[in-house]
Amino acid sequence: MWWGGAGLALLVLSIILSLSVGSAHIPIRDVWSIIWHAMTDWLTGAGDDVGSSPYRQIVLQVRFPRVVLAVLVGAALSIAGAGFQGVLRNPLADSYTLGVASGSALGAAFMITFGLPYILLSNWTIPIAAFCTGLVSLLIVMRLASINGKFRTETMILAGVVVQAFFGAIVSLLIALSDSLMNGIVFWLMGSLQLRGWPHVAMLTPYVLVGGIVMLALARTLNLFSLGERQALHLGVHVERTKKTVLVIGTLISAAAVSVSGTIGFVGLVTPHLMRLLVGPDYRLVLPLSAIYGGIYVLWADTIARLALSPAELPLGVVTAFIGAPFFAWLLIRHKRKGEEAG
Amino acid sequence: MSDLKQESRSLLEAEGIIKSLGGQPVLRNVNLTLRKGECLGIIGPNGSGKSTLIRLLSGADAPDAGQVIFRGQPLSAYSKKQLARSIAVLQQEALPPVGFTVREVVEMGRYPYQNWLGEEQTDVEPLIGGILSELDLEALAGRPIERLSGGERQRVALAKAAAQQPELLMLDEPTTYLDIGYQQQMMEYIRAWQRIEGVTVVAVLHDLNLAALYCDRILVLHQGRVIETGTPEEVLDADLLEQVYGVRPTIVAHPVHGVPQILLQGSLEPAWKLKRTEDAG
Numbered sequence: 048m049w050w051g052g053a054g055l056a057l058l059v060l061s062i063i064l065s066l067s068v069g070s071a072h073i074p075i076r077d078v079w080s081i082i083w084h085a086m087t088d089w090l091t092g093a094g095d096d097v098g099s100s101p102y103r104q105i106v107l108q109v110r111f112p113r114v115v116l117a118v119l120v121g122a123a124l125s126i127a128g129a130g131f132q133g134v135l136r137n138p139l140a141d142s143y144t145l146g147v148a149s150g151s152a153l154g155a156a157f158m159i160t161f162g163l164p165y166i167l168l169s170n171w172t173i174p175i176a177a178f179c180t181g182l183v184s185l186l187i188v189m190r191l192a193s194i195n196g197k198f199r200t201e202t203m204i205l206a207g208v209v210v211q212a213f214f215g216a217i218v219s220l221l222i223a224l225s226d227s228l229m230n231g232i233v234f235w236l237m238g239s240l241q242l243r244g245w246p247h248v249a250m251l252t253p254y255v256l257v258g259g260i261v262m263l264a265l266a267r268t269l270n271l272f273s274l275g276e277r278q279a280l281h282l283g284v285h286v287e288r289t290k291k292t293v294l295v296i297g298t299l300i301s302a303a304a305v306s307v308s309g310t311i312g313f314v315g316l317v318t319p320h321l322m323r324l325l326v327g328p329d330y331r332l333v334l335p336l337s338a339i340y341g342g343i344y345v346l347w348a349d350t351i352a353r354l355a356l357s358p359a360e361l362p363l364g365v366v367t368a369f370i371g372a373p374f375f376a377w378l379l380i381r382h383k384r385k386g387e388e389a390g
Numbered sequence: 003m004s005d006l007k008q009e010s011r012s013l014l015e016a017e018g019i020i021k022s023l024g025g026q027p028v029l030r031n032v033n034l035t036l037r038k039g040e041c042l043g044i045i046g047p048n049g050s051g052k053s054t055l056i057r058l059l060s061g062a063d064a065p066d067a068g069q070v071i072f073r074g075q076p077l078s079a080y081s082k083k084q085l086a087r088s089i090a091v092l093q094q095e096a097l098p099p100v101g102f103t104v105r106e107v108v109e110m111g112r113y114p115y116q117n118w119l120g121e122e123q124t125d126v127e128p129l130i131g132g133i134l135s136e137l138d139l140e141a142l143a144g145r146p147i148e149r150l151s152g153g154e155r156q157r158v159a160l161a162k163a164a165a166q167q168p169e170l171l172m173l174d175e176p177t178t179y180l181d182i183g184y185q186q187q188m189m190e191y192i193r194a195w196q197r198i199e200g201v202t203v204v205a206v207l208h209d210l211n212l213a214a215l216y217c218d219r220i221l222v223l224h225q226g227r228v229i230e231t232g233t234p235e236e237v238l239d240a241d242l243l244e245q246v247y248g249v250r251p252t253i254v255a256h257p258v259h260g261v262p263q264i265l266l267q268g269s270l271e272p273a274w275k276l277k278r279t280e281d282a283g
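Chain order of the listed sequences is A and B.
Numbered according to our numbering, the first sequence spans residues 48 to 390.
Numbered according to our numbering, the second sequence spans residues 3 to 283.
No wet-lab data here; the hints were simulated from the structure.
There could be a bad hint or two in this list.
As the list claims (entries may be wrong) - In silico DSS-like cross-links for lysine-lysine, where the CA-CA straight-line distance does not exceed 27 Å:
1. Lys-38/B <-> Lys-290/A
2. Lys-83/B <-> Lys-291/A
3. Lys-290/A <-> Lys-197/A
4. Lys-83/B <-> Lys-197/A
5. Lys-82/B <-> Lys-290/A
6. Lys-83/B <-> Lys-38/B
7. Lys-82/B <-> Lys-291/A
8. Lys-291/A <-> Lys-197/A
9. Lys-197/A <-> Lys-82/B
10. Lys-38/B <-> Lys-82/B
Stated by the list, open to error - DEER-style ranges, computed between Cβ atoms:
11. Leu-60/A <-> Pro-98/B: 51 to 57 Å
12. Ser-151/B <-> His-285/A: 31 to 37 Å
13. Leu-60/A <-> Arg-193/B: 58 to 64 Å
14. Pro-98/B <-> Cys-179/A: 32 to 38 Å
15. Gln-94/B <-> Ala-249/A: 48 to 54 Å
16. Glu-122/B <-> Val-208/A: 43 to 49 Å
17. Ala-255/B <-> Leu-379/A: 30 to 36 Å
18. Thr-178/B <-> Arg-288/A: 28 to 34 Å
For every residue, glycine included, the Cβ atom is placed at its ideal position computed from N, Cα and C.
Excised from the complex, chain A in its bound form (with noise of 0.2 Å):
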């Protein structure tokens, strides 16, 4: 409870924080001027006074959008982190490392690169398309990496390496081919949360909401999980339904972070560690604290992002990469010592 309480506090003050920066010098009584006239008209029902401050356009429909949108995103790959970890029982398991963010990717630059969702449906289906190729990408992970039927840490890393690199390949073939910027790869590859604005926050909340309510109302079963499936077998779990529900939601709301951020490694494989090392096991807190404080992960790398070389941007995958690779780094060092001990 504390770290939850913990949690919203740093949330908060983290969207502050970060609303009140970036690179355009925006004094900061007026950030908050802005945002708190927006609200009350929001509330209030009242139209919009235009011409209030010079920086209303900056601050509602730059900042405050792609505050939000960290914070989805961070959420998003962090439960699907935590929920894939669980029902696989491997902790190096993420929409990264098991190649789904990347399998996302492909379909959600075909789907934007082509320009077909302008022509077919709304913004909606780039999602779509994105699971569609992340659940392939899934399987042909799962497919290369069991042995018998039964996964190693080391076989699924190495699986989903190659299909990394394959489908990272053929994203960017395809940008190279089409006449968009070749500045697309880079957002593909290493993500990016320039230019995105409402309408993404639109598209991506409803995925994460509805993924996280399934996602928690699953975290018992996940805590029955980490015995062993045969133990939660006996005990009355549905154990191939659950995996098959797991997998498929946590790919859907990867897909869904993809489409919006590209693709951004380390925050679903970090966070929900973390999250273990503060209050332990129980899936029931892990996911709902992971969703919070990857969310907080994710709005200070991309904050990082707007302000370290402002006013250019690095790409949120770099940044997210070099908080979450020496960890990741310390974790297999962990893992294989406990394995040593193991015998």
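Could you slot chain B onto chain A? The hints should help.
What follows is chain B alone, placed relative to chain A:
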């Protein structure tokens, strides 16, 4: 009349079970009847199909042909949660090194009774507390599983099975990785449970002496077939064991309980003597 009585006393029956794994026949036409309240031991050499049989009897796997009848209905007619309320399984491998505490894991045994929010109609606290004290786990209740020894973990697994309040307890070589102290402790706990609650037990056991001490009846499985079923005295016969295991043991009566016990004959020829003979040859 006696037939009817017999019928009502049987809890679980296997009828003509056939099962192949990877194209290899593992069980060829197994029939067995489990009586209410008894402890049935299943013995047999490695690869005789014991663990596969337990998987089928517990509903973890379905047979290729034949069926398992539990309380008059095939296993497939029960939902997973219904089965988990009636049948608990204790596996060979102890619990994995998870961070959950002993109490939390024992409470997981209540899963089949809980609604989707994890709530139950009655207060389970007295039940959990009773089980913990019964199995001497009170002092360990707050300790994470990953910090327990193998013997303690197996005891927690038994406590979790007890929390399921099953009618039938299945044991799949539960003492394999335990030293003799924990082996005997484990079997004593199970026997006490059986006596007090009237729970029925099926146990796959590697150790024939344990089987003779703790089982009312023993079933011998050999190459996927039931060779013999009977009391320990009837089954632990030197000829039969030689046929099944390929070695002829010596059988003595237990000095305290009188049940048959197995001694391996071996060869007391010293190793250096054997070597000499080889050299001479």
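| Between Glu-122/B and Val-208/A, does the C-beta distance stay in 43 to 49 Å? | holds, 45 Å
| said: Assuming the hint says 31 to 37 Å, is it satisfied by the Cβ distance from Ser-151/B to His-285/A or not? | reply: The hinted range 31 to 37 Å holds for Ser-151/B and His-285/A, with Cβ atoms some 33 Å apart.
| Holds or violated: 28 to 34 Å for the Cβ distance of Thr-178/B and Arg-288/A? | Once the Cβ atoms are compared, 31 Å apart, the range 28 to 34 Å for Arg-288/A and Thr-178/B holds.
| query | Are the Cα positions of Lys-291/A and Lys-197/A separated by 27 Å at most? | reply | holds, 15 Å
| field | Proposed proximity, Lys-291/A with Lys-83/B (alpha carbon, max 27 Å) | value | holds, 19 Å
| said: For Lys-82/B and Lys-291/A, compute the direct alpha-carbon distance and say whether it is at most 27 Å. | reply: holds, 17 Å
| message | Can you confirm whether the C-alpha distance between Lys-38/B and Lys-290/A stays at or below 27 Å? | response | violated, 35 Å
| field | Range hint 30 to 36 Å (beta carbons of Ala-255/B and Leu-379/A) holds or violated | value | violated, 58 Å
| query | Does the structure keep Lys-83/B and Lys-197/A at a Cα separation of 27 Å or less? | reply | Since the Cα atoms of Lys-83/B and Lys-197/A sit roughly 25 Å apart, the hinted pair holds (cutoff 27 Å).
| task | Assess, step by step, whether the Cα of Lys-290/A is no farther than 27 Å from the Cα of Lys-197/A, and give holds or violated. | result | Holds: Lys-290/A and Lys-197/A sit about 13 Å apart, inside 27 Å.
| message | Tell me if the straight-line CA distance from Lys-83/B to Lys-38/B falls inside 27 Å. | response | Roughly 21 Å separates the two Cα atoms, so the pair holds.
| field | Satisfaction of hint between Lys-82/B and Lys-197/A, Cα-Cα up to 27 Å | value | holds, 23 Å
In summary, the numbered hints that this structure violates are 1, 11, 17.
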